[in-house]
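A.B. asks: Input sequences plus hints: build the corresponding full structure.
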Amino acid sequence: MKRLVLLAVAAMSLMGAGDRRSGYDDASADTRAMQDDDAANPAFLWVQQGESLWSAAEGAAGKSCADCHGDVSAMRGVAARYPAFEPKHGRPITLEERINLCRTDHMGAAAFAWNDDKLLSLSALIGLQSRGMPVAAKAQEPFLSEGAALFRERMGQLNLSCAQCHEERAGLKLAGSLIPQGHPNGYPEYRLEWQGMGSFYRRLRNCMIGVRAEPFAPDSREAADLALFLAVRANGMKVETPAVRP
Amino acid sequence: MVRVLINVPKQIHANEPFEVKVLISHPMESGQRRDQMGQAIPRDIINHFIATLDGETVLDADFFPAIAANPFLSFSVVAEKSGTLALTFVDDHGVTQTELTAITVT
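These protein sequences, in sequence, are chains R and L.
Take the first sequence: its position 149, counted from the start at 1, is 163 in my numbering, and no numbers get skipped.
Take the second sequence: its position 81, counted from the start at 1, is 100 in my numbering, and no numbers get skipped.
I should point out that these hints are in silico values taken from the structure, not numbers from a laboratory.
For clarity, every value in this text was computed on a predicted model and none was experimentally measured.
Take these hints with a grain of salt, some might be off.
When the alpha-carbon atoms are kept at most 25 Å apart in a straight line, the in silico SDA-like pairs for lysine to any residue are as follows [unchecked claim]:
1) R:Lys132 / L:Lys29
2) L:Lys40 / R:Ala47
3) L:Lys40 / R:Pro260
4) L:Lys29 / R:Pro260
5) L:Lys29 / R:Asp51
C.D. replies: Take a look at the structure:
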């Protein structure tokens with residue numbers, strides 16, 4: 015019996031590793047080539063902007079990111095750990111929320127809107143430092159369970175849960191497009207459909223509008239919990255930020 | 020000023036073609052779309068692109084709609100000696116921007 019259980023556990027962990035597919039694995043050869051070549055990846059236009067923002071002083075304190083954090087290479091591994099717990103909020107926060115918190119609390123600057131190109135530029139630059147590293151989000155309760163529950167909760171007029179598409183029907187097609195497993199290992203990413211850069215929140219918002227639900231607010235606990243659940247689900251997969259997706 | 024990324028090989032040999040890759044941050048609005056009020060969104064694309072190497076034109080291209088936002092260009096250039104590659108582009112607002120990149124021939 016014990017051996018059977020062990021075998022089952024081994025099989026499950028094998029399946030877990032082998033079955034997880036990054037959006038990169040299912041993208042076309044052309045899209046993959048764009049992501050592979052930093053000179054062809056349009057997201058690097060944002061990274062370039064992020065580099066100049068990193069050392070630009072802003073706000074009442076007259077400080078830049080670099081004044082506290084030094085060279086951006088010191089951010090290696092940081093994005094891979096997010097969403098991470100923030101005592102001030104009493105919950106995990108996303109990297110974008112962290113950047114805005116730095117701005118309001120330490121720089122005396124206004125927070126960026128969730129879809130501000132400058133915010134995406136900074137999170138792309140910080141995310142890039144962790145590229146190739148395994149996603150390593152910390153599984154924290156009760157946030158992880160809350161995120162998991164949200165993932166399986168039916169919502170919107172179409173009455174669909176995230177899991178119904180991204181777990182049960184991942185790999186099948188929705189209106190001609192492949193349904194990905196929904197691993198958040200490439201955000202912020204350049205989507206060809208958007209012809210621009212977008213964060214995980216933008217993707218979540220699009221999905222929720224798609225099922226005709228009221229999207230969670232960008233700085234809500236729900237959005238962060240769901241991001242945490244997905245990050246933990248993708249733990250061990252390589253960070254691809256800034257990814258290119260169809 | 021729009022953001023531009025230019026990529027040329029570090030090692031360039033005289034009289035051998037090398038690849039120049041250019042990414043330009045531009046909306047490339049086609050002029051075919053309408054906004055939420057039904058009003059046509061005016062066309063705003065890069066319509067002309069010229070690359071010169073020490074003043075000599077190596078690429079002169081007219082652009083048309085149906086090019087995606089943030090266009091990526093890739094073309095081959097042959098250089099005899101080190102010099103400066105100048106990339107100039109003009110958009111529908113008449114804004115002209117020139118970006119310079121040093122070419123080092125070894």
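A.B. asks: Assess, step by step, whether the Cα of lysine 40 of chain L is no farther than 25 Å from the Cα of alanine 47 of chain R, and give holds or violated.
C.D. replies: Distance of about 14 Å is within 25 Å: holds.
A.B. asks: Within a Cα-Cα threshold of 25 Å, do lysine 132 of chain R and lysine 29 of chain L meet the stated pairing?
C.D. replies: Given pair lysine 132 of chain R, lysine 29 of chain L is violated - Cα atoms ~30 Å apart, limit 25 Å.
A.B. asks: Can you confirm whether the C-alpha distance between lysine 40 of chain L and proline 260 of chain R stays at or below 25 Å?
C.D. replies: 21 Å, holds
A.B. asks: Check whether the Cα positions of lysine 29 of chain L and aspartate 51 of chain R lie no farther apart than 25 Å.
C.D. replies: At roughly 16 Å apart (the allowed maximum being 25 Å), aspartate 51 of chain R and lysine 29 of chain L satisfy the hint.
A.B. asks: For the pair supplied as a hint, lysine 29 of chain L and proline 260 of chain R, confirm whether the alpha-carbon distance does not exceed 25 Å.
C.D. replies: Between lysine 29 of chain L and proline 260 of chain R the Cα gap is close to 31 Å, so the pair fails against 25 Å, i.e. violated.
In the structure shown, a violation is registered for the earlier hints numbered 1, 4, in ascending order.
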